[in-house]
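Number of protein chains: 2
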Amino acid sequence: MKTYLNPKPEQWTELAQRKTVTKADLNETVKAIFDDIQKNGIKAVKKYTHYFDGVSIENCRVTTSEIEDAIAQVSLELKNAIQVAAENITQFHLSQKEIPTKIETTSGVFCWRESRAIDTIGIYIPGGTAPLFSTVLMLAIPATIAGCKNIILCSPPDKNGNINPAILFAAQLTGVTQMYKVGGIQAIAALTFGTDEIPKVSKIFGPGNQYVTAAKQYAQQLGLAIDLPAGPSELLVIADATCDPEFVASDLLSQAEHGGDSQVILVTNSEEIVTKVTSAIESQKAILPRQSTVEKALENSRALVFQDIPTGIEFSNFYAPEHLILSIEDAESKIKFIENAGSVFIGNYSCESAGDYASGTNHTLPTNGYAKNYSGVSLDSFIKKITFQKLTSQGIQNLGPTIEIMAAAEQLDAHKNAVSIRLKKLQNG
Amino acid sequence: MKTYLNPKPEQWTELAQRKTVTKADLNETVKAIFDDIQKNGIKAVKKYTHYFDGVSIENCRVTTSEIEDAIAQVSLELKNAIQVAAENITQFHLSQKEIPTKIETTSGVFCWRESRAIDTIGIYIPGGTAPLFSTVLMLAIPATIAGCKNIILCSPPDKNGNINPAILFAAQLTGVTQMYKVGGIQAIAALTFGTDEIPKVSKIFGPGNQYVTAAKQYAQQLGLAIDLPAGPSELLVIADATCDPEFVASDLLSQAEHGGDSQVILVTNSEEIVTKVTSAIESQKAILPRQSTVEKALENSRALVFQDIPTGIEFSNFYAPEHLILSIEDAESKIKFIENAGSVFIGNYSCESAGDYASGTNHTLPTNGYAKNYSGVSLDSFIKKITFQKLTSQGIQNLGPTIEIMAAAEQLDAHKNAVSIRLKKLQNG
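Residue numbers (the working numbering), protein chains in the order written: chain A, 809 to 1237; chain B, 809 to 1237.
Pulled out of the complex, with its shape left as it was, chain A reads as follows (with noise of 0.2 Å):
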């Protein structure tokens, strides 16, 4: 982690900079692949999860005692974490409905928004040994919050033909309504199509590996919704003379481990403290099992010492992090300056983990800058707003002749004798 003292904002940008990740070209490999899948449907999907999975699937579908095995197998002990969690997330995404307020514009004129729940989704969930059933937690449970009445989960099969219990435990407990054995981009592929067993979905929620990620840019160019634009998950921690650095020194592991290519950045009014988190870093790493993943995160990343807390604010901002911790004196008096970042952990006791977790809070978030422009996976991610309009006779007569005047203005005369036809039978009735 290099250190950068009172860096200008001429160096910002290259500051800011993420590890740019070299993206092999795979169009071509899923174009082949969603073409193949598109002609052959399940055949096709099925051939791909033995090449690359290395298994044969007969049904796809996870079946009721597949699950009821499932559930069986995931200790007492995890069982009851992941529904505290599921509760927490329950509320905070509950408290994301809105209460549509109809509102009278012009007197006759009333306009108002409504809330519909997006049919069918699907929610992908990668393989490997860790098993990631809180991302399921993330994005079933405001699915059907949001009242989706289709949750079509999709996991790639180990190499006996199973997903990881736990994944299939927390799916029946949120209201997924169908699990696949399918995974890559042969999964995304039948969820942009549909195949015999497996449906089309209008939106993909989910993380996923260089190949996943391109076959949901596909699948977006074909029509479909995706949750986010993908990259490396960061971290950012302002802290100052209040912080603990051992604490600091931890949330930052605690994101350096996600992966070689993550980054975490430190900033900082004070080079002590840059020194003191370094130190802590250093003997808290000392025991951590992926090691080597955290020390490539660490090369990517910055400790940036600033004249004073609110100039390390606004190059936060400049950042734009998907995740922000503020371990400052009087941290919540100072988040109305925060105008960037996907989730925001508020004081010495918010690390990373619980908003990952637990706290209720969303975990999919806007990573590589895209905080500047997109907000994170919320029950919002899983509706459409529908705007209504009702005008009466009154109200037409009131706001009819702007109509007409703009109509006419713009040109478009078939828009203006929409209303004449109205004012005059108006007039005449």
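FYI, nobody ran anything at the bench for these hints, they're computed from the structure.
As the list makes no split between identical chains, a pair holds if one copy fits it or if it spans any two.
Straight-line distance between alpha carbons at most 20 Å, and here's what the computed EDC-like set of lysine to aspartate or glutamate pairs gives:
no. : residue 1 : residue 2
1   : K816      : E1079
2   : K1233     : E1090
3   : K1193     : E1122
4   : K1233     : D1052
5   : K1193     : E906
6   : K905      : E922
7   : K1093     : E1218
8   : K1104     : D1221
9   : K1144     : E906
10  : K957      : E1147
11  : K967      : D861
12  : K1093     : D1052
13  : K905      : D1188
14  : K810      : D1069
15  : K1144     : D1188
16  : K855      : E866
17  : K1084     : D1116
18  : K957      : D927
19  : K957      : E1122
20  : K1084     : E1137
21  : K1232     : E1054
22  : K957      : D1188
For chain A, the structure is supplied; the task is to place chain B on it using the hints.
Just chain B, lined up with the frame of chain A:
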């Protein structure tokens, strides 16, 4: 407009088909212009303005005196109409402001969301004979309410190097901060990279021809957000015996005049209504100036007679129209059945023109079936919602064990450690 009697569900996919627009492959052109502008900045922008718009522009930015001249040129009648519309649009979008709700998910664990404006946004307004000042209102008003600091408008200059006065009037009225005489691919490229004169933006809004659409898609690939995927405009009217066939005809025609690729669909429960509406279309069409456009649009259009209105609504949800007019008995009581639509107009006096111009709702809406998975433009389109959380020392003690168990089960030891280190210190302190 071809009529279909009781079309079976197997036919629905075909009947919901939009006109296939054979998109020219513009990617190479777009990429070449983007590369040139990224490298050569405003000089390249001006070169393309000269080439495509046939006019040499010295300063792209519209000056204060140009704006003053424009204001003087707009008729008082149109100014007043625009002001009435702007007030309604302001009221409706103000009503979309969210008041943050802080909730305590676990004792000592507080979570909430706050909105922040996207700092810098671009608004693209097409050129041509008809000045689309209404779109300026629909985009600049919510941007101003959101608090966007820089609201950048680009619109192509005419042969004399000017933007239509009504566009400039609407822009200055609604809080646009900078206006530039630049259109087409070069405008989108300038907004994507920023140049000496035109600043870089984070999100681009607004309609455009196939060049602008392709350029917006390319900008999205480069990390910018865009408002909505593009497609030709469309209207579906559901009408029963309570409708006024002349009103319905006028609404269908108002949509049809937008372009030859527009589509209008009449859904009803009676052949007689089709006959009446068709005959009203014939007589109203005769006096419209855009007759050939209307006729071309009507070729892509359909009248569908279903056994009853509920089946018609089901088809409408399947089609997912951009605009939906309900000219049916007790229309407002039926809106709970509407699942997919951009904007809904209730009853015989709620013509689409009202929402296009002045009722208050936004007219930037999802086309081409995107109403299944996208909302129209609203205040939300100009903000991000950041999640905040604060755990007290009691909060981390209450929730910490849950996080530790989950992190361990996902094999993320550093995530667990960020909690453990805090719990330990609290025990010892």
